[in-house]
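K.L.:
Read off the chains here:
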Amino acid sequence: MTNPNPTRPAPRSPIRNIGFGELYHYRLPLAGIVSILHRVSGLLMFLLLPVLLWLFDLSLSSERSFDRLVELSQGWVTRIVLLGLGWALLHHLCAGVRFLLLDLHLGTERLAAYRSSLAVFAVSVPLTLVLALFVFGVL
Amino acid sequence: MSIGSRRVLVGAHYGLRDWLIQRVTAVVMIVFIAMVVWSLAMAGALDYDSWSRVFAPVPMKLATVIAVLALCYHAWIGVRDIWMDYVKPAGLRLALHVGAILWLLYCLAWSVQILWSV
Numbered sequence: 001m002t003n004p005n006p007t008r009p010a011p012r013s014p015i016r017n018i019g020f021g022e023l024y025h026y027r028l029p030l031a032g033i034v035s036i037l038h039r040v041s042g043l044l045m046f047l048l049l050p051v052l053l054w055l056f057d058l059s060l061s062s063e064r065s066f067d068r069l070v071e072l073s074q075g076w077v078t079r080i081v082l083l084g085l086g087w088a089l090l091h092h093l094c095a096g097v098r099f100l101l102l103d104l105h106l107g108t109e110r111l112a113a114y115r116s117s118l119a120v121f122a123v124s125v126p127l128t129l130v131l132a133l134f135v136f137g138v139l
Numbered sequence: 001m002s003i004g005s006r007r008v009l010v011g012a013h014y015g016l017r018d019w020l021i022q023r024v025t026a027v028v029m030i031v032f033i034a035m036v037v038w039s040l041a042m043a044g045a046l047d048y049d050s051w052s053r054v055f056a057p058v059p060m061k062l063a064t065v066i067a068v069l070a071l072c073y074h075a076w077i078g079v080r081d082i083w084m085d086y087v088k089p090a091g092l093r094l095a096l097h098v099g100a101i102l103w104l105l106y107c108l109a110w111s112v113q114i115l116w117s118v
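Chains X and F, in that order, give the protein sequences.
So that you can map any letter, position 94 of the first sequence is 94 in the numbering used here, and since no number is skipped, the others follow by simple counting.
So that you can map any letter, position 2 of the second sequence is 2 in the numbering used here, and since no number is skipped, the others follow by simple counting.
For the record, the hints were derived by calculation from the structure and aren't laboratory data.
Owing to the predicted nature of the structure, the values given are computational and were not obtained by experimental measurement.
We put the CB at the ideal spot given by N, CA and C, even for glycine.
Be aware that one or more of the hints could be misleading.
[Stated by the list, open to error] Short, incomplete list of chain F residues facing chain X, as computed with Cβ under 7 Å:
#, residue
1, A26
2, Y48
3, S52
4, A56
5, A75
6, V79
7, C107
8, W110
9, I114
10, V118
[Stated by the list, open to error] Output of the computed footprint for chain F on chain X, the stretches with three or more beta carbons under 8 Å from beta carbons of chain F:
#, segment
11, 33-43
12, 46-56
[Stated by the list, open to error] Chain F residues, not near chain X, derived (Cβ > 10 Å throughout):
#, residue
13, W38
14, A90
15, H97
16, L104
I would like the entire structure built from these sequences, with the hints used as guidance.
P.N.:
Next up, the structure:
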């Protein structure tokens, strides 16, 4: 179809959701990566909530169950779950603080928003690495 | 409800309330996490005695229940948004909504049981 009025832009295609096949080529800005990981980490914590409560139960029930938790925390599955939960909490917390500040209209300029999304990773990733060293018994 | 030209045509008007509650509960949890980190830093070496002493006083148990309540409400709004965004069939979405609520209530009740067993 040719554009009937060349001085005006062609009519836009109707709005529709992005397809799964298009996601791979879609260039998501850093703030968008922070945002989708906020969602992913939130869902991960929601699903692992009973595991967290189980560990909390072990830690508080008795001295024996506490020792059992210490023993369990040497296992690879527990280590990976703990690290996953730790990353999820750290990312969700840092990104959440950023969203709270944006809601207060702080840092809504393009450059400031880019820098704050960079700051989310600059805080959450090193802290997750420190947690990894702790969980895997290096520290 | 006013009828005529002032009649409200759209919306159930719970969006702003839920948006605000999600932010308030977030701040409640941040304060609680800071409290726990502070008590642990004061407790020194982490063993069963120092850890269980953090949750022994009744005010701390109550604060923890409030934090878990905040978590459940916060997670409900977040998970509900996820189901609403990605799950289109009404029956499946309803089942996931009900499942999420039961899941969170189960965790809330369990956390109370854990706290009062110390």
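K.L.:
Could you run down the list of hints and mark each one as holding or not?
P.N.:
Hint check results:
1. A26: holds (6 Å)
2. Y48: Because about 4 Å separates Y48 (chain F) from the closest Cβ in chain X, which is inside the 7 Å limit, the hint holds.
3. S52: With Cβ-Cβ at 6 Å, under 7 Å, it holds.
4. A56: violated (10 Å)
5. A75: holds (5 Å)
6. V79: Since chain X brings a Cβ to about 5 Å from V79 (chain F), closer than 7 Å, the hint holds.
7. C107: Interface hint status for C107 (chain F): holds (5 Å vs cutoff 7 Å).
8. W110: holds (5 Å)
9. I114: At about 5 Å, which falls below the 7 Å cut-off, the nearest Cβ of chain X leaves the hint on I114 (chain F) intact, so it holds.
10. V118: For V118 (chain F), the interface hint holds, since the closest Cβ of chain X sits about 5 Å away, which is under 7 Å.
11. 33-43: holds (count 3)
12. 46-56: With 5 residues close enough to chain F, the hint holds.
13. W38: Holds, since 16 Å exceeds 10 Å.
14. A90: holds (18 Å)
15. H97: H97 (chain F) is indeed farther than 10 Å from all Cβ atoms of chain X, at 13 Å.
16. L104: Label violated. Min Cβ-Cβ 8 Å, cutoff 10 Å.
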